[in-house]
Amino acid sequence: MEPTLVLVERTLAWLRTRNIVAGIANAKHSAWGAQASNPRGSRLAEFAAVASLIPINDSAFITTYENKYSMSWIDVTLATSSVVAAGRSWRVRGDVTYSEHLYDEVAIGLNTATRNKQLAQYAREQLPETLSWEPWFDRVTGAQLQSADTLELFVTQFYHLFDADRRKHLRPAHGTRRGNSWRTSELAQERKCVNAM
Numbered sequence: 001m002e003p004t005l006v007l008v009e010r011t012l013a014w015l016r017t018r019n020i021v022a023g024i025a026n027a028k029h030s031a032w033g034a035q036a037s038n039p040r041g042s043r044l045a046e047f048a049a050v051a052s053l054i055p056i057n058d059s060a061f062i063t064t065y066e067n068k069y070s071m072s073w074i075d076v077t078l079a080t081s082s083v084v085a086a087g088r089s090w091r092v093r094g095d096v097t098y099s100e101h102l103y104d105e106v107a108i109g110l111n112t113a114t115r116n117k118q119l120a121q122y123a124r125e126q127l128p129e130t131l132s133w134e135p136w137f138d139r140v141t142g143a144q145l146q147s148a149d150t151l152e153l154f155v156t157q158f159y160h161l162f163d164a165d166r167r168k169h170l171r172p173a174h175g176t177r178r179g180n181s182w183r184t185s186e187l188a189q190e191r192k193c194v195n196a197m
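full-length UniProt numbering puts the sequence shown at residues 1 to 197.
Just so you know, the hints here were simulated from the structure itself, not pulled from any lab data. Note that beta-carbon positions come from the ideal geometry of N, C-alpha and C, so glycine has one too. Among the clues, some could well be false.
To be verified - Beta-carbon label-pair distances, calculated as ranges:
#  : residue 1 : residue 2 : range
1  : Phe162    : Ala196    : 37 to 45 Å
2  : Ala148    : Val106    : 19 to 27 Å
3  : Val194    : Ala164    : 15 to 23 Å
4  : Ser99     : Ser132    : 43 to 51 Å
5  : Tyr69     : Met1      : 18 to 26 Å
6  : Glu66     : Gln121    : 45 to 53 Å
7  : Ser132    : Val194    : 21 to 29 Å
8  : Asp163    : Gln189    : 46 to 54 Å
9  : Tyr69     : Phe162    : 35 to 43 Å
10 : Ser99     : Arg16     : 46 to 54 Å
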């Protein structure tokens, strides 16, 4: 696995663009859906953290690998933060593959509809309170963060909650108001004098 990770690291440093790294890694880790980590998963999670790659697997979908003895998310998709910011979706397709691995489908650049949107002042003020009512916060409040894996899972789940709530409250952004070009400073002064009478 190490030679592949070195090659990916060099390629990412050379490209410096939006990147998606995906493959059959046979790596189990809680950051992308597996219940228990294996050494390959721990090493890949460590590599992803150092390389600033974010797992975009979604454990809400069916597993990427399944046979009669086990099932897991061992096919991993990682992306740079610019891909995540541009909007993405990830899902496992149920097509027949004639393999124990299923097809993963990734789409990027989905935020074009939300590019000209922003949170209203009220929504920004209410966001912390809204998030605090999530049942997830009750489960993690007072949790002992025993490992880096637990912390990573905590941060990933928080990001998903935050992003979902933020998207729900986005509103169209209004351009800057330039005012009326016919309103000059002289006219403003004249209006001020008239209003003072």
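Q) Hint by hint, which ones does the structure fall short of? A) Per hint list: 1, 3, 7, 10 violated.
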